[in-house]
Amino acid sequence: MRKLLVKICLISTFLTGVAQAELDIVITEGIKRRPIAVVPFGWEGNSGNVPLDIAAVISSDLTRSGRFAPIPEDDMLQKPTSGVDVDFDDWSILGVEAVVVGRVVQTGDNAYNVQFQLFDVFGRDQLVGYRMPASRGTMRRVAHRAADMIYEKLTGIRGVFDTKVAYVTAEQRRDGLLYSLIVSDQDGENEHKIMESNDPIMSPAWSPDSRRLAYVSFEGNKSSIFIQTLRTGNRIQVSSRPGINGAPAFSPDGRKLVLTLGGLDGNLDIHVLDINSRKAQRITSHRAIDTEGSWSPDGRFVYFTSDRAGGPQIYRVSANGGTPERITFEGSYNARPRFSPDGSKLAMVHLDRGNYRIAVMDMKRKDLLVLSAGRQDESPSFAPNSDTLIYATRQTRNGVLESVTADGLIRQRLTSGQGDVREPVWSPFQRF
Amino acid sequence: MSQYKLIALFLSFALLGACASQDIPDPDPVDSTVGSEDGTSTDGMDGSGLGDGEFIDYDAGELTNIIYFEFDSYELGPEDAEIVARHGRQLADESRLSVRLEGHADERGSREYNIGLGERRAQAVRRVLLIQGASASQISTVSFGEERPAAFGSDEGAWAQNRRVEVKYTN
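Protein chains in written order, with the numbering used here: chain A, 50 to 481; chain B, 164 to 334.
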């Protein structure tokens, strides 16, 4: 398939310093980027400027989806801020399919209303209109929520602009590597450091309510698993047994973790840990490496990597234990299974003609589709809408993040974080 | 069989020699003993001593602490087995000593699976230590997988330096 490369550079400066988001979007020919207009929002405030350019955030979200091409502000023949002022003829001349207008109204010292309307230009019809209260602190999320509603109305796919991504970075320092666990908005903005250490940090995993992260830390030169609450920063050590403690993943009900324990003799097996009681139940028992457990969305099965047949392949076992069943047969290396939240696809790292790439298996047809094009791509993680995945790839020496739609048609690179960026995990949908 | 082994040994030393001359940027070498091992491997390059199998001639003072492994391999070569055995005898002789075996993998493939590969290497070393009379309580293992590379880079030279077990005396 021939591919068309569209390069877009967005450089934005925010309050706390310079946050830079750079993006390369590779769009397979045949995907039409739909023209849309996001008109700059009006501002009715007591004083000063609007706290955030809402239209710019919505525009950037829609552009980054790869499915829309917002027109430049300079091309707009009118800049209405309310539906009654929209002249459909002016927009039809420009060939845009849809128009977004809106305004920010200040209602108190740190209280605003953000309202927007989405119009179908050809049908001359309002598709959605919505008003949300906001503060300066929540205004970005409100803008992403508006983008989510617009995206869903126009594509039928639930938007994931108001979600987060956790990832690990490693930066070269004078005294060695500094590892950090970062949470940012899905567009790379609003980075927060959750934890940093001179010892490796690995395998972050979101709780289903997206309030906590489980991860592996090598503090004290041994591996242990922590669960950290994002809002408070409090963390608890839930597994620090002899040998390997690795690869945590929350059960769909949030009460258990599947994890890998190695023991003194280093035989890695899959276990299920009850978070409250800290009791661990072994669910695989084989002298091969069994690791990277991942729950099926219904919580009935754990899918995992095992090299019991020689090279690593994906197996599944009942969450209560039992006889594992092999799932992957295509290729010599399939590892790190991760389900789409709707259960229709299984993402994995797949060795494809000498390259480690991200592939998805359709759970009905059982066929494998390779989605990425790097040499050492790893750590696939689905967005909560099951439509897009994020993963890590290499750019010269450093890891960088990319996302790709599950059909492989739209792939893009996102540069966020400093140093070597790895192990991105997409959050569940956020409660507002 | 033995001929095959000798060829394999020679090739692996040739490879190590190549690594050393390649000058891979390593701003933070994990352990300075990497250098002395490279020196040893160039001794092997001239072929002297190949016939009698005596070309490794460590004296007790400079027992190396890093054991390297082939791709997808967890077996100790005969010379490495002897090095590890000497560590084992040392532990058996002096019960106050203890070691941490740090297993590592190269960067290819999935990170948690690589933790498993590093652990396999650490366990291969642990078994030899136990056979030589070290007690289990003297030994701990940890696998860092690909998380703590000794060399950066995405080529066989860097990978070969990263597939290793470091024997660290903690007491």
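Since the hints were derived computationally from the structure, they do not count as laboratory data.
Even glycine gets a Cβ: it sits at the ideal position worked out from N, Cα and C.
Any given hint could turn out to be false.
To give an idea of the chain A side of the interface with chain B (calculated C-beta under 7 angstroms), a few residues [unchecked claim]:
| # | residue |
| --- | --- |
| 1 | 311 |
| 2 | 392 |
| 3 | 398 |
Consistency of the hints with the structure:
no., hint, verdict
1, 311, "holds, 6 angstroms"
2, 392, "violated, 22 angstroms"
3, 398, "holds, 5 angstroms"
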